[in-house]
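First to last, the sequence lines map onto chains Z and W. Numbered per this note's numbering, the first sequence spans residues 1 to 579. Numbered per this note's numbering, the second sequence spans residues 1 to 200.
Each hint can be trusted.
Pairs of lysine-lysine, BS3-like flavour, derived with a Cα cap of 30 Å:
1. W:LYS33 to W:LYS61
2. Z:LYS394 to W:LYS18
3. Z:LYS300 to Z:LYS384
4. W:LYS168 to Z:LYS159
5. W:LYS33 to Z:LYS384
Here are some chain Z residues the structure puts well away from chain W; computed CB gaps all over 12 Å:
6. TYR62
7. VAL83
8. GLY139
9. LYS173
10. GLY437
11. ARG443
12. ARG444
13. ASP452
14. GLN486
15. GLN490
Facing chain W, a subset of chain Z residues (Cβ under 7 Å, in silico):
16. LYS156
17. ASP164
18. MET167
19. GLU354
20. ASN364
21. GLY385
22. ARG390
23. PHE401
24. ASN405
25. TYR503
Hints in this document: simulated from the structure, not taken from any laboratory. Values in this document were obtained by computation on a predicted structure and should not be read as measured data. C-beta: ideal position from N, C-alpha, C; glycine also.
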Amino acid sequence: MATPAPAQTLDLSARFPGVLNPDTRPGYSGWILDNANLLKFATALRDELGYDYLSSITAVDYLPEGKMEVVYHVFKTTGGAGVVFKIQVPRADPMEVPSLVSIYPGAELQEREAWDLFGIKFTGHPDLRRILMWEGFAGHPMRKDWHEPYFEEEAKPLKSRWPDGRMIMAESKNLFGDNIAYPDGFNPESQTFDPEKALYEALRTYQKDEVGLDTDHIIVNMGPQHPSTHGVFRVAVVLDGEKIVNLKPVMGYLHRNHEKIGERNTFIMNMPYTDRLDYLSSMSNNFGYALAVEKLMNVKPTERAEYIRVMMAEMTRIASHLMAIGALLNDLGAYFTPMLYALEERELLLDIFEAVSGSRMMCNYFRFGGVARDLPEGTLQKIKGLFFERLPRKIEEIDRFLSENEIIRSRGIGQGVLTAEDAIKYSAAGPLLRASGIPYDVRRAEPYSIYDRFEFDVVVRTNGDIYDRLMVRFDEIRQSIRIVQQAVKQLPNGPVMALKPMYQVRVPPGEAYGRVEGPKGELGFYVISNGKPTPWRYHVRAPSFINLTAFGPICIGLKVADVVAVLGSIDIVLGEVDR
Amino acid sequence: MSDMVGKGILKSLSVSLKRFAETYLDDLSWLGKRYRTDKGIAHRGSKDARGIFTVQYPEEKIPVPEEFRFVPFLVYDEGPNGEKTLRCTSCGICAKVCPPQCIWIVRSTDPATGRPIPDPAKFTIDADICMNCGLCAEFCPFDAIKMDHDYELASFTRNVYDETKLSKSAKYYESIRPINARREDAARAAKAASRTGQGE
Chain Z
1 MATPAPAQTL
11 DLSARFPGVL
21 NPDTRPGYSG
31 WILDNANLLK
41 FATALRDELG
51 YDYLSSITAV
61 DYLPEGKMEV
71 VYHVFKTTGG
81 AGVVFKIQVP
91 RADPMEVPSL
101 VSIYPGAELQ
111 EREAWDLFGI
121 KFTGHPDLRR
131 ILMWEGFAGH
141 PMRKDWHEPY
151 FEEEAKPLKS
161 RWPDGRMIMA
171 ESKNLFGDNI
181 AYPDGFNPES
191 QTFDPEKALY
201 EALRTYQKDE
211 VGLDTDHIIV
221 NMGPQHPSTH
231 GVFRVAVVLD
241 GEKIVNLKPV
251 MGYLHRNHEK
261 IGERNTFIMN
271 MPYTDRLDYL
281 SSMSNNFGYA
291 LAVEKLMNVK
301 PTERAEYIRV
311 MMAEMTRIAS
321 HLMAIGALLN
331 DLGAYFTPML
341 YALEERELLL
351 DIFEAVSGSR
361 MMCNYFRFGG
371 VARDLPEGTL
381 QKIKGLFFER
391 LPRKIEEIDR
401 FLSENEIIRS
411 RGIGQGVLTA
421 EDAIKYSAAG
431 PLLRASGIPY
441 DVRRAEPYSI
451 YDRFEFDVVV
461 RTNGDIYDRL
471 MVRFDEIRQS
481 IRIVQQAVKQ
491 LPNGPVMALK
501 PMYQVRVPPG
511 EAYGRVEGPK
521 GELGFYVISN
531 GKPTPWRYHV
541 RAPSFINLTA
551 FGPICIGLKV
561 ADVVAVLGSI
571 DIVLGEVDR
Chain W
1 MSDMVGKGIL
11 KSLSVSLKRF
21 AETYLDDLSW
31 LGKRYRTDKG
41 IAHRGSKDAR
51 GIFTVQYPEE
61 KIPVPEEFRF
71 VPFLVYDEGP
81 NGEKTLRCTS
91 CGICAKVCPP
101 QCIWIVRSTD
111 PATGRPIPDP
121 AKFTIDADIC
131 MNCGLCAEFC
141 PFDAIKMDHD
151 YELASFTRNV
161 YDETKLSKSA
171 KYYESIRPIN
181 ARREDAARAA
191 KAASRTGQGE
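With the rest of the complex left out, here is chain Z (with noise of 0.2 Å):
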């Protein structure tokens, strides 16, 4: 079981004395710093120990201890373990804790999203706004003492619902008959507030061009309802004439705030709840979250248990990447005959996931200690006609289909190159950095599960434009072709759970990051547990959401339908975007 190594903090308190302190929780690692040192080490970190990739930061709402935490997860692009440190505020408002942009700037959305859902005042971040919630929102919702408009108890399961559960409909509950809890003295008809203000205020903060004809600037607002943006999503652009001068993404149109359910929910209960992340890929949510607890139980999943993962997991990227491929084809304008092409594959593989996990989306398949249930009869001979036969001379015909297209490669070549200082800089993942020339897969980096038995390249091109982006898919696609018929071959009979089926584990107390490569990126589970049934920390590094890092930066100078073409090649979906 991969347990966090000790070995590589033990000189980190060496070469900062008197900086960092070990966190002794038990179940805990990683170092915890004062606010004053904070960017004083994270610079020493980045420079010059080489931790150049800032993977996550999340805060933690302790309310017994009164206080809150800030935590981050560090890592190199050149592979291996990362660096976990943490500060701690006390509990009372303004909870100012110094922002990391100035040295990562791709902590830029985290710690909105960490002030938005906590609370907590970053100070020295340049566009420190709500992101999930809606300016005006009262409260912050990922508190612990914060409760929401239905809310009945800070556990499931539910007393009412059993032994004397008499169906009510939650809606019947409220004054006002939906879901919305108004402040005391709420009187719509006196409130002026403007939401938007702060977000017009934020888009005028770029560099004025000083030279040639005195312009005007205007804004537009693409979305949230437009069918380029793949979902409820809306991009605020501000235009000189047809160049975009500035951009901000604007989400939270499907936020559900997951991590507070998560919270309330068993351990188990989760499972089903991250297959709603990324949609189009949850066989690869579960297998994070399922890691991240199994560190947690220190459990590991049975051999065969381990094969069916590893090859569940990668015909989900290649029916992600398919999508992904199909959607940006289809936003440069091929209108929907490559998006059916690739979707009548990846069709076969959802057949698959349906004959296996009984869902073709929202598959529910992993367990803590293996998977739900074994292959059923037949279905390995399915998934070898597939991908022997069919899968690679398919991906090839795809590939043909537009690939060498003029309009295609006119949109795609030299457009909304991201380099690579700036995608490491930005925290991209997945696609977005290896199109961009950093070979960084977690699988390789640092692999999990069984990755480390199968041969596979880390696919990268060195462009950092819209056109890399769609061959990095496709060459990655082929490894995943290559990783399923290698784990067809090896995949050994035996039990598929390596615990006996409960319906409610006991995890100790603690906290485990697992991540997994998911198809848009490194996907992270940070779960902390006080040893009780219901996770007291569930926090998502969604990879869609942090890619948007870099969204803005990569379209300042563009066209807007260029923006189109962009945010197709990042490739997001709105479920994990928005969680």
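Given the coordinates of chain Z, assemble chain W onto it according to the supplied hints.
Relative to chain Z, chain W alone:
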């Protein structure tokens, strides 16, 4: 890089043309049996599928695999005189493991002693809240709640199902999940046998 402008586009068109032709060639080779026949539907979802692959729902339906899961139902056993006994003992595990908490159970009590008896007085599932995860069926120790195959639930009102609507016979369960049903029956029989063996 293509040397001639337009070569890439011609290449794209040739792929499209090939697929267009394949649709008609495949139609011809099936002699009209490609549509609305079980074999034809299976062919369009197989690795050898080529040409158009759409299945014309609702005229054609893709058969669902055994593990397919949709809103749960309660299994009852039929006695020799046609009496129906629910397998459910109202132990509440399904209600406790349900992620969106859409299962509501009222446990029966003996009117004389006030003690709980293993039989649900009321069993309600709010199918509109159900997320079809299948955890209830997975963890039920009595094989009493199972996931259904019927996915056509559209209705004009909210889908709140009570025990009458939820009850389906063990025969129906066997018909939709033969392999699972056989395995579970064998396991239950073995368990019962070992219990009587211990009792003696």
